[in-house]
Amino acid sequence: MTEWMIGLSGAAVARNGDVVVPVRGGIPRGIVARLALDAGEPVSAELLIAELWADPPDAVLSSLRAHISRLRGREWGEVLRGSRDGYLLDVPRASVDLLAYRDGIAHAANLAPAARAEATAAAERSWQGEPFAGLGEHPFVQRVRDELWELRADALLELARWRSDHGEHAVAALLADQIVGRFPDREEPLLVRALALARAGRTSDALAAVDGFLRRADERGAVAPGGVLELRQSIVRHDPVVLAAGDDLEAGVERVGIPIPLTHFVGRARELDLIARGRAASRLVSLVGPAGVGKTRLAIEAARRTPGSVDEVQWLLDLTLATDSEQVLPLLATVIGAPRYTLDSVAQVLTGRRALLVVDNAEHVLGTVAALVAELLGRCEGLSIVVTSRESLRMPGERIVALGPMTGGDAPDAVQLFLHRVADTLGDGALDPDALETVTSLCEALEGIPLALELAASRLDVLTVDELLESIRTDRRIPLTASATGRHGSLDNAIRWSLSLLGDDERRLLAELSLFGGQFGHEAVSAVCDVEDARVLLLSLVRKSLVSATVLEGGVRRFVLLDSVRAVARSMLDELGVDVDAWSVRHGEWMLAFVERDSPLLVTAGGQTVRARFDVSRRDLHLAFGNAVARGDRSTAVRLVGAQAWYWYERGMVPYALGSIRTALALDGPDEPLAEARAAHAATFMSAIVETVGRVSQWVDVLAAAAVRADSPAYRMIAATQRAYLDAGAGDAAEAERQLAASSAEIAAAPPGAVPEWLLVNELHIRGDALRALGKPAQALACLDEAHVRATALGHGWAVRGTAYTTGKTLLEVGRAAEALGVLLSAAATCVRSGDWQSACAAVNIAGCALTVLERHRIAAEVFAALDQVGPRHDYDPVASDGGYAVDYRARARAALSPAEWQAAVATGTTRSFGDTVRAAASAARS
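Mapping of the sequence shown onto full-length UniProt numbering: residues 1 to 927, in sequence order.
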């Protein structure tokens with residue numbers, strides 16, 4: 001007997017080996033479905049009748065026998081059997097998707113939490129949509145459907161809790177959303193969803209979900225649950241006890257740039273297995289295949305199925321926007337957060353962790369990617385790389401997974417994919433099961449290319465399946481064989497065929513969308529694209545699979561064009577008369593309005609959410625800046641760098657930021673003194689990281705001059721304080737005091753509201769550090785304490801972390817090492833939670849110095865060794881950052897230990913994670 005697979009969820013389909021088996025008629029489909037629920041076990045005729053007919057006719061038994069006889073006489077003869085005990089479907093339980101789901105959930109219930117989460121997620125892949133979609137009103141359908149949903153709700157709820165507790169808040173919110181959609185009045189799913197949304201930074205969405213639940217409860221006359229009201233208060237208060245999740249120092253898999261798919265993944269089981277086996281045997285796996293076969297989606301699916309026991313962190317590098325080989329390394333540095341666009345800086349970030357780098361769309365820069373991959377794998381122990389491309393890298397040790405169209409043995413998966421995309425577009429049950437043979441022919445005509453299948457499925461809103469097949473067969477631009485123009489030509493033609501069915505406004509909008517640098521939101525589309533009703537048309541293009549919708553970590557929803565669609569759409573720009581120059585001006589205006597509106601929020605409690613929006617928009621911000629420079633638009637260029645400068649600083653994009661600021665300021669054009677002051681203020685901090693004190697001083701001069709031209713007391717104030725800090729470091733105490741007095745005078749003379757709170761916090765912080773350097777610790781601690789309190793109230797994360805670090809350093813200098821240790825370790829944990837690893841390393845370094853003063857020499861040595869291992873990954877050099885501290889205190893710790901003790905401590909620290917290092921230091925502090 002061949003291998004049978006029976007799908008009862010989503011777009012129900014049965015197949016025998018590679019052959020799709022149609023079942024025509026409501027009663028026959030009901031018979032197969034009901035027998036499949038007891039696969040391998042007989043079901044009596046009496047029970048079948050009761051389950052299939054709400055009001056059985058007089059000759060119902062004869063009717064049942066006739067239907068079964070016809071089924072057996074067709075394709076079902078080898079598995080549909082009858083006996084004295086009734087009828088049975090002789091197939092394994094594992095071959096019926098809903099039974100596989102039930103068994104998977106039952107198996108997961110007996111496992112430990114982490115394994116249970118993975119097993120539940122694996123079982124979820126058997127659930128393909130609403131059970132028995134389009135099956136009708138047989139008596140058993142609603143009962144079994146309700147039972148399955150109860151089982152699924154419990155499993156999804158537990159999985160959502162686990163995901164949220166391990167930092168995957170956006171995934172948890174999506175999981176819980178499915179339960180809330182089914183059971184909108186249940187308290188527990190609402191609590192899990194709202195909490196996950198709040199933890200993801202989507203506070204307004206979380207409150208909207210809670211308020212909607214409370215409103216519905218009030219309409220029913222129900223008492224508002226106390227747990228829901230308490231959660232609402234916690235969200236409003238930003239209660240860290242409630243909104244913090246799991247172990248902040250070490251969560252599960254950290255994913256950067258790897259989106260959360262919004263549609264079911266279909267098929268490719270063999271390829272997923274090959275990827276897993278390839279990664280187990282080699283650190284380099286290449287997914288190779290023609291355009292449109294789903295390489296990117298497969299790579300994402302494989303990454304998201306990989307547990308934390310394999311990968312600690314995963315990144316996705318999309319090379320579609322690398323127009324030449326010189327852009328590859330800067331794009332990679334930006335994605336992984338390397339502070340410099342150099343191979344050394346990238347390697348430092350990637351090394352020392354179990355990490356996966358997915359390099360997507362590499363074919364047009366293949367030589368550069370091959371050289372980069374070879375270098376990184378040679379330098380970075382623990383790094384694995386998965387590359388997607390139309391051809392392999394041809395490197396030693398490369399494991400190649402060839403991905404082709406869904407033809408031959410994969411043809412049933414093509415049918416399943418098509419049916420799923422129809423359900424995604426039009427809803428479950430939208431397609432008549434009798435059309436299955438035509439669907440099979442249609443999938444063959446489209447050569448099983450997944451993207452072509454999705455494009456075709458989206459057209460069933462205006463065409464029948466028969467009309468769709470006829471349209472494809474008669475359109476000469478769609479070759480029926482690969483030999484006509486090759487697979488890529490076939491896909492291009494499929495895209496052009498789909499575009500030919502669009503209205504004029506839809507085609508124009510798609511062409512304009514191809515000009516965006518990366519992902520975009522619907523607000524940007526409405527503002528930038530010169531098309532009426534752009535938002536409505538955008539959603540239409542999404543439904544037609546020409547634009548992809550995606551949800552990023554943090555719950556950010558964005559749209560993007562696939563590379564194949566983008567290329568065809570861009571070729572239409574001239575034909576449609578799109579004014580690209582006018583588009584780029586509108587695009588620059590939109591991006592400028594966005595950053596100028598949101599950048600002030602970077603230094604508030606909403607800073608994390610704003611940084612996520614900036615991250616998603618980074619490519620378009622880069623595009624807008626490049627276009628402004630190209631057309632000599634100094635005003636836009638300077639304002640763009642001014643609004644982004646603090647974001648660049650917090651994201652560690654120091655070389656790019658300083659280079660961009662210098663480029664903008666060098667342009668000819670109108671003066672923008674306030675924007676220049678903003679940029680120069682951030683540049684003073686960034687310059688201190690990578691440039692000499694003389695360069696930092698030059699930036700302070702730029703800041704001071706711009707502040708005078710802008711007549712800004714706020715920036716005159718901060719320029720004077722920064723000058724005082726430099727003078728104090730240079731030993732010129734008199735000039736430092738004069739500058740501090742000038743800064744105080746600016747504050748006193750400024751009208752109310754002229755000095756933003758966040759800038760005043762920065763001034764207090766820098767003033768405190770200057771006073772520390774001047775040998776005035778009491779005044780320094782008073783300034784730093786005020787700065788810390790005000791920064792905490794404002795939500796200015798960088799200042800909270802920075803003031804804690806400087807306070808710890810000052811306390812250590814005046815002999816209060818125990819107090820310093822507590823402040824520094826708390827600061828380190830806060831830095832890790834915010835992703836500021838450089839500041840975390842700096843705080844832990846001074847904590848090691850404090851441990852030395854407290855004569856906890858062994859743990860101090862472990863801390864220093866751990867920093868030597870972790871620090872380079874984040875471009876932190878303790879000697880460059882705190883030279884005297886790094887050298888002197890390490891020497892004291894080493895002198896206090898025997899050579900054997902020192903070597904043992906170094907060995908422990910080198911193998912210990914950053915989180916374990918902080919916990920060990922905290923334990924030593926408590927004891």
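Treat the hints as calculated values from the structure; they're not laboratory data.
Since the model is a prediction, treat every value here as computed from it, not as a measurement.
Cβ coordinates follow ideal geometry from the N, Cα and C atoms, glycine included.
Check the hints yourself; a few may be wrong.
[As the list claims (entries may be wrong)] Per label pair, the in silico range of CB-to-CB distance:
1) Gly632 <-> Ser923: 56 to 62 Å
2) Thr464 <-> Glu150: 45 to 51 Å
3) Asn110 <-> Thr464: 45 to 51 Å
4) Ala818 <-> Thr910: 23 to 29 Å
5) Asp868 <-> Glu230: 33 to 39 Å
6) Ala748 <-> Glu589: 49 to 55 Å
7) Ala666 <-> Gly694: 17 to 23 Å
8) Val708 <-> Glu813: 32 to 38 Å
9) Asp58 <-> Ala276: 37 to 43 Å
To see whether the hints hold, each was checked on the structure:
1. Gly632 <-> Ser923: 56 to 62 Å: 60 Å, holds
2. Thr464 <-> Glu150: 45 to 51 Å: Violated: the Cβ-Cβ distance is about 37 Å, outside 45 to 51 Å.
3. Asn110 <-> Thr464: 45 to 51 Å: This hint holds: roughly 48 Å between Cβ atoms.
4. Ala818 <-> Thr910: 23 to 29 Å: 27 Å, holds
5. Asp868 <-> Glu230: 33 to 39 Å: 46 Å, violated
6. Ala748 <-> Glu589: 49 to 55 Å: Check failed, 39 Å falls outside 49 to 55 Å.
7. Ala666 <-> Gly694: 17 to 23 Å: Taking Cβ atoms as reference, alanine 666 and glycine 694 lie about 19 Å apart, which means the hint holds.
8. Val708 <-> Glu813: 32 to 38 Å: Holds - the Cβ-Cβ distance for valine 708 and glutamate 813, about 35 Å, lies within 32 to 38 Å.
9. Asp58 <-> Ala276: 37 to 43 Å: Violated, since aspartate 58 and alanine 276 (Cβ atoms, about 57 Å apart) do not stay within the stated range.
In the structure shown, a violation is registered for the earlier hints numbered 2, 5, 6, 9, in ascending order.
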